[in-house]
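**Student:** Here is what each chain is made of, one letter per residue.
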Amino acid sequence: MPSNSLYGKRKRPFDTFLKVLINTAAAVTVVVLLGIILYILFNGISYISWKFISTAYSETNDALKGILPMIINTMYIVVITLLISAPIGISSAIYLTQYAKQGRLVRAIRFTTEILSGIPSIIFGLFGYTVFCILFRLQTSILAGCLTMTLCILPTIIRTTEESLLSVPSSYKEGAMALGAGKLRVVMGIVLPCAMPGVLTAVILAMGRIVGESAALLFTSGLSYNMPKGFLKQIFSSGRTLTLHLYQTAREATSPDAMHIAFATASVLLILVFLLNRLAGLLSRALRKG
Amino acid sequence: MSIAMNSAENALKIQKKNNVKKGLAIVLGLISVLAFFLPYIQFVFKNTTYVVSAFQLATIRGFRVHGPALSGLVTIPFLTRISVVAGVLLPIAGIVLLFLKRPVMAGTAFVLSGITPLIVLITTSSIQTAVTQLNISKISIAYLWPSIYMLAGGIVCAILSIWTQGTEKLAESIFLVFSCVSVGSVILITVYIFAAGSPAILQIGLGQFLFGRTWNAEAGVFGILPLILSSIAGTVGAILLGVPVGILTAVFLAETAKPRLARLVHPAIELLAGIPSVIYGFFGMLVIVPAIRSFPPFRNHTIGDSLLASILILAIMVLPTIVSVTETSLKAVPQAYREASLALGATPTATIFKVSIPAAKSGILAGVILGVGRAIGETMAVIMVAGNVANMPSILGTVRLLTTGIAMEMSYASGLHRQALFTIGLVLFVFIMIVNISFTYISKKGVQMDAE
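So the sequences go chain by chain: A and B. Under my numbering, the first residue of the first sequence carries the number 1, and numbering increases by one thereafter. Under my numbering, the first residue of the second sequence carries the number 1, and numbering increases by one thereafter.
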């Protein structure tokens, strides 16, 4: 810096200190993140094999240490939860953005959506257990888990879909209306297709949340690791997801072998979450480009 | 086609279609009324089978059930009676309203009539409990087709009667009903958490429960003061560590970093938010806990699983929330503020700390509160590092938080113990509600300030 510069004249050690602090904080955040991811992947990725992904699991039989049932259960929960929650969430977003007039009802819907997104998953788990498992007599089953997860992810879907519906230029709507299209036609034919990348982002974010969820499923979908016996039967029986499998194996691990299973499961989870995260990122970029 | 048709003909055709819909709704509604007198529900207590119609469910006093040792009158819950009666009155009301040309109100009545079997389903579980208390183990309650018809028929009737107002109206009603799901579920969650949580308070006593210092399930002593204090200590610690780092990281992203670097770091923060909490817990269990255990000054004072470990993990977990909310609100600060400050001769760093951050204050506060909510509610990560012994919180000692208290014992608890766990859930719920509502209040205030 030249000596006649305005900044050069007065040294400001406190400014420098603050700048260093800012950079350190950012570095700490990044290092922690990379540390966690690399630690898990370094220790786990070498134990991921086709056999690990494609065999059943048994606590007693050493030959059966795969995670196939957990993958299937996770898929069940993701698909069924989305089948229930996506129509509800997207319809709510459509109502809130396209139909609703500002009023008490809309305020109530927004307020409760906000409340719902702040409720911790263990509370959802307790609620799902008392209502779906006991009152609706579903026992601990995948379906009970799905109904519980529906409540968990509803706010995510509603809010993200709402944002993307609002980002559709109103001239599109006006154009369609000027051509004589009814409101439903405008919403279904113009607004929703235009907002599709955003709606998909919402769905993928929700998928990430379901894959990573554990506390809400602990009491509702349970911890059974049996291989699914039939499509319908599995929906009404208990099954643990990948996250719960990691939790259970990590807690009970006494031997290095058991630890390897936990590491490999954690790596599979991380890779899944990472892929979903990237997909959501790509889609929202596509939306922004329009 | 419709263009060719003249409007009078068209109106006539629509009228005809509407009459068909209306007629169908009335017929289906009448079947619902008829179903009131048909076999509705089947109870099997051991070997005795009772098939009861909805009419009987509303009028009989109860079942006299003879168990192996005890026998008693199992009464039918009052709410069951009410909902069964509503199940027949509502379709009648719907039909009358259709004749009075109030299709939307009729639709509401029909939907409500469709909900009644669900309420019956929920309330009859108390019959099951009552029969279980008579030592009868083989109980099955089955719903026969009239009850299922009431559910489906009510919904179909509602759709038909609103459809007479046109497809547009029908679509709007369907969207509206779906968007009320979140309202309904919040109400239901609140009601159930309170209903499940209050019996234990009545039995143990509120003061005893909240301020009792020992939690010993075997001895039947349920005091959750250690859990409450540990939760608060964990949250406060995590916030004290996470907030400065989070705010400074957000400043880095929003103000000082070169755009290219910010574009690399930003997705990383997003990814941090997406990592499942079990993985954080796993990492904490394998890295943070052993590190604390073997850290020279702490050695021999701790087993590693401790409040400190929970605080560290929670601090990492609240980081992404705080960073992203703070970043958004910093970016919302008008550029003119910064330019004015710089023009007055303030250095860029002074501008950040004296202008940008104060201007984004309410947004940052909202982020902190959101972080508090996340920290209080976190379960699975903490359960793996906290040690889970219900001690009074000390930084290197094992602790049990409200959330982990529930998750640890839920699988095997029964009786008062289980009810006490639900009460912990209620306490947690009240905490979260306070945090949530203050978040809504503050973020609304922030919006108002920005608008000014």
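These aren't lab readings, by the way, just hints derived from the structure by calculation. Because the structure is a prediction, the values reported are computed rather than measured. All residues carry an ideal CB built from backbone N, CA and C; glycine is no exception. A hint or two may mislead.
[Said to hold, decoys possible] Below, a sample of chain A positions facing chain B; criterion: calculated Cβ distance under 8 Å:
1. V20
2. L21
3. V30
4. I53
5. Y57
6. A108
7. A178
8. T243
9. Y247
10. E252
11. P256
12. A258
13. L279
14. L282
15. R285
16. A286
[What the hints assert, rightly or not] Simulated DEER-style distance windows between Cβ atoms:
17. P39/B - M227/A: 37 to 47 Å
18. K101/A - G345/B: 25 to 35 Å
19. Q139/A - Q133/B: 37 to 47 Å
**Student:** Each of the hints needs a verdict: does it hold here or not?
**Tutor:** These are the hints, each one checked on the structure:
| no. | hint | verdict |
| --- | --- | --- |
| 1 | V20 | violated, 10 Å |
| 2 | L21 | holds, 6 Å |
| 3 | V30 | holds, 6 Å |
| 4 | I53 | violated, 18 Å |
| 5 | Y57 | violated, 17 Å |
| 6 | A108 | holds, 6 Å |
| 7 | A178 | violated, 17 Å |
| 8 | T243 | holds, 5 Å |
| 9 | Y247 | holds, 5 Å |
| 10 | E252 | violated, 12 Å |
| 11 | P256 | violated, 12 Å |
| 12 | A258 | violated, 13 Å |
| 13 | L279 | violated, 11 Å |
| 14 | L282 | violated, 11 Å |
| 15 | R285 | violated, 11 Å |
| 16 | A286 | violated, 15 Å |
| 17 | P39/B - M227/A: 37 to 47 Å | holds, 39 Å |
| 18 | K101/A - G345/B: 25 to 35 Å | violated, 51 Å |
| 19 | Q139/A - Q133/B: 37 to 47 Å | violated, 20 Å |
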